[in-house]
Amino acid sequence: MDGDKHDEKQKTKAPADTESADGKKIRIKVRGLTGEEVYFSMKAVTPMKKLFDAYCKKNGLDQSSVRFTLDGERIGDEATAKELDLQDGDLIEVMHYQVGGM
Amino acid sequence: MNLSFPVFKRTRKGKKVKNRGHKRSSMQDKPVSSPPHRTRVRIPLKPRRIEQQPTIEERMIEMKKAAAVSREPAHSEVPQPTVRPKTRLQTIAEVAGMPSFAQFYTKIRRLPYNTRILGQLYRRGLSPLFGTDWLTDEVINTYGDLLQNHARKVHGRRVFVLSSFFYSTLCPRSGYNYKAVSRWATRTGASVPTLDALVLPVNHDNSHWTAAAVCFDARVVVYYDSLGRRRRDIPWNLIRFVCAEVLAAGGDPVAFFKEDWRTVICGRVSALDPEMVGRVAVLAAKDRKRAMHRPAGIPDDADCIEISDSDSDDAAPPSGATHPEAPLPSPRPPPSQKRRHAMTKRLSQHPCQLNGFDCGVFASMFMRCVALGAGPAFRQADMPNIRRLMVVELGRRRITPIGLVPARSESVQS
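Which chain is which? The protein sequence lines are A and B, in order.
Following the numbering used here from start to finish, the first sequence increments by one per residue and tops out at 89.
Following the numbering used here from start to finish, the second sequence increments by one per residue and tops out at 423.
Careful: at least some of the hints might be erroneous.
Unchecked claim - Chain B is faced by these chain A residues, among others (derived, beta-carbon under 10 Å):
hint : residue
1    : G19
2    : E23
3    : S28
4    : C43
5    : G47
6    : L48
7    : T56
8    : D64
9    : D75
10   : L78
11   : G88
Everything labelled a hint here was simulated from the structure, so no lab data went into it.
Cβ atoms here follow ideal geometry from the backbone N, Cα and C, with glycine treated the same way.
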């Protein structure tokens, strides 16, 4: 129950164009390992690490076990939506880490 | 045993003396092991007899001749700057044996775990390369980026190295999903059929690494498995992907794959079945149609998780570790049929893995050879040195040119 309340606190209805003082907010779709989609709204100049942290915290994931990719390329922690040229509604895919040897 | 410090033994009187017997044995040990590739022995010239000593005039002539000879190669090199000098490249063992190499390797090994090596690869992600651990996607994908840049800048090849997630997204457990990767190829900056090679690592159920490539210049689809499992589905799924990309570029896939295309599956060369290509092309056309439907955007009333940027407690991002992608070089004329066949022959070498942990290294080396336009010429015996080489290359952020020994020599030596 507590978790639900916490989630509700975080969730806010984001209007289509949220204008703020130092940057426009964009909405990003994140598709998880099982195909479920979560929406995030963030400023275009905020480092993506914040989104990764929020996603991993929400889903109880270890950040070193997942990779966030945009069109097949891994996104760096310091990259921003502006640098990546992300548009409103763009999709970030979460991939599970891979290992092999045999 | 070749100890550098003197070993002492005590005499009956209790006096320390140097252990001569031990020292002698260490001296005897020394010259036994010499690597087989360094067998070139310089034979000393016979000393001239005194009565045959040349006169001063003869000496002058000889000196002039010698000077002319030493000047000659410089003259011959100048007018042909386009021809690559055919010097013998150092082998992996020679490169790994250099003191500067060992120094750099140790330096990287001793770095703190949170040091950034390249891109998203930190020192902690590099640890599987030290020892005999299984490789992770971080190492293989970062190495792929490095190879792509090197192949484009130094070799002038239009190479695109896909990440290891490509194949697992294209072919998840059930079926084939072109739509999921239809945007991935846009990162190339050019249409896929105009490339020289498309290289990708393939992960199998988090336990095995293999590699595949579509060489558009050699007209070959290669699949390489260091354990030698012949999977025909992987090259054909790649052909289906390329068919869809040919359609996207406005071409005809059947005509594209019509002439002289081959598959090399674990060293076995076979011609493409035109009937099969026709069937795959039909499927690819359907894939392409499905991919045209754009996914719906985020509805206006969707719940979004707000990410605040108020607490800027993070330190400034570490700088200097980014690796900008090299642009694609301009296309070159396609190679002749004879040259294509030679390339196919080179690609049909198949070095095998003889243990249960090196497949990631084998797959990366295959990617390296294909990206740089060579055949997979390495062997199990080189793997410890290749792991060290990969560490140094990732640390230096550049590929060291090495001459790979042909794979055939393994069967001769072992």
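Evaluated hints:
1. G19: violated, 13 Å
2. E23: E23 (chain A) check fails; min Cβ-Cβ to chain B is 13 Å, beyond 10 Å.
3. S28: This hint holds: S28 (chain A) lies near chain B, its Cβ roughly 4 Å from the closest one there, short of 10 Å.
4. C43: violated, 12 Å
5. G47: violated, 15 Å
6. L48: violated, 15 Å
7. T56: Cβ of T56 (chain A) sits 6 Å from chain B, so the hint holds.
8. D64: holds, 7 Å
9. D75: holds, 7 Å
10. L78: holds, 7 Å
11. G88: Cβ of G88 (chain A) sits 3 Å from chain B, so the hint holds.
Hints 1, 2, 4, 5, 6 from the list above are not met by this structure, while the remaining hints are.
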